[in-house]
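J.: Sequence:
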Amino acid sequence: LAGTLLWQTAFTQIGVIAASAILGYFLFKRHAAKDEDRMQFPISKRAGFVSLGLFFGLLVLLPVLREATQLNWIAFVDSFYRSGSLVFGGGHVVLPLLEREFVPTGWLSEEAFLAGYGAAQAVPGPLFTFAAYLGAIINGWQGGLLATAAIFLPAFLLIYGTLPFWDALRQNSKVNGALMGVNAAVVGILIAAFYHPIWTSTILAPADFVFAAVLFSMLVHWKLPPWVVVVTGAVGGMILSMAF
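Sequential numbering of the sequence shown, starting at 48, is according to our numbering.
Calculated from the structure, these hints are not laboratory results. There could be a bad hint or two in this list.
What the hints assert, rightly or not - Between beta-carbon pairs, the in silico distance windows are:
(1) Thr-249 / Trp-274: 15 to 25 angstroms
(2) Val-222 / Pro-173: 23 to 33 angstroms
(3) Trp-246 / Pro-151: 12 to 22 angstroms
(4) Leu-216 / Trp-274: 34 to 44 angstroms
(5) Ser-220 / Val-97: 24 to 34 angstroms
(6) Trp-246 / Gln-87: 42 to 52 angstroms
(7) Val-267 / Met-289: 24 to 34 angstroms
A virtual CB, placed ideally from N, CA and C, is assigned to each residue, including glycine.
Take the sequences, apply the hints, and build the full model.
T.: Below is the structure:
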């Protein structure tokens, strides 16, 4: 948690997760998967290597093409692909990565960014669909489609590439211990993502904190649907901005 707050980069997230995996590898020992729990996938190891090669190849090639060509659409695809590639621990962790890619560069304002994040909470599906909103704001419906494809592509390549080896990894108790360490790191990364950019950009006065607590109670204690909480937050935010 401290590391991700002090050095807020994608590589910090990877470093924290890698360090936690190493600690888990040595500190935790879980039983390997039972024989009856074995999972077989109809994907060859060769296909897995090709998929992993595409994943890492695009991760390296796109930034090079971005600098060499200076084309906006390549920069656009690179930003979303890299964000999708370097996110570990859940969809909310992508927020600081996307913010650094698009807000400081002037592609969209911080207000538009946070408004889209709030709207994404009101609809079903993974948070990566937030990329469709960003792409549409920047470059219309074509940008929305391209952004969605670019941010989801790394996950498909990684899953397809690792499935041929997944069953062998599950049989290793040390690997399971490393996964326990990764799970612990993810908690800290999610808390860091909640603090920045969400908390630091929205809780600016005592009234904001009180209003956020009310919205939290609506969601957790009163079990209201997320879209109701989002709409209430939008209306309440307008009232607070006019009052203060």
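J.: Each hint needs a verdict: does it hold in this structure or not?
T.: Results for each hint:
Against the hinted window of 15 to 25 angstroms, the Cβ-Cβ separation of Thr-249 and Trp-274 comes to about 19 angstroms, which satisfies the hint. The hint said 23 to 33 angstroms for the Cβ distance between Val-222 and Pro-173, and at roughly 26 angstroms that hint holds. The hint said 12 to 22 angstroms for the Cβ distance between Trp-246 and Pro-151, and at roughly 19 angstroms that hint holds. For Leu-216 paired with Trp-274, a C-beta distance near 39 angstroms keeps the hint of 34 to 44 angstroms intact.
For Ser-220 and Val-97, the hinted distance range of 24 to 34 angstroms is satisfied, since their beta carbons lie about 30 angstroms from each other. At about 45 angstroms, the beta-carbon gap between Trp-246 and Gln-87 stays in the expected band of 42 to 52 angstroms. Restraint check, Val-267 to Met-289: a C-beta distance of roughly 28 angstroms satisfies the suggested window 24 to 34 angstroms.
When each numbered hint is compared with the structure, no violation occurs for any of them.
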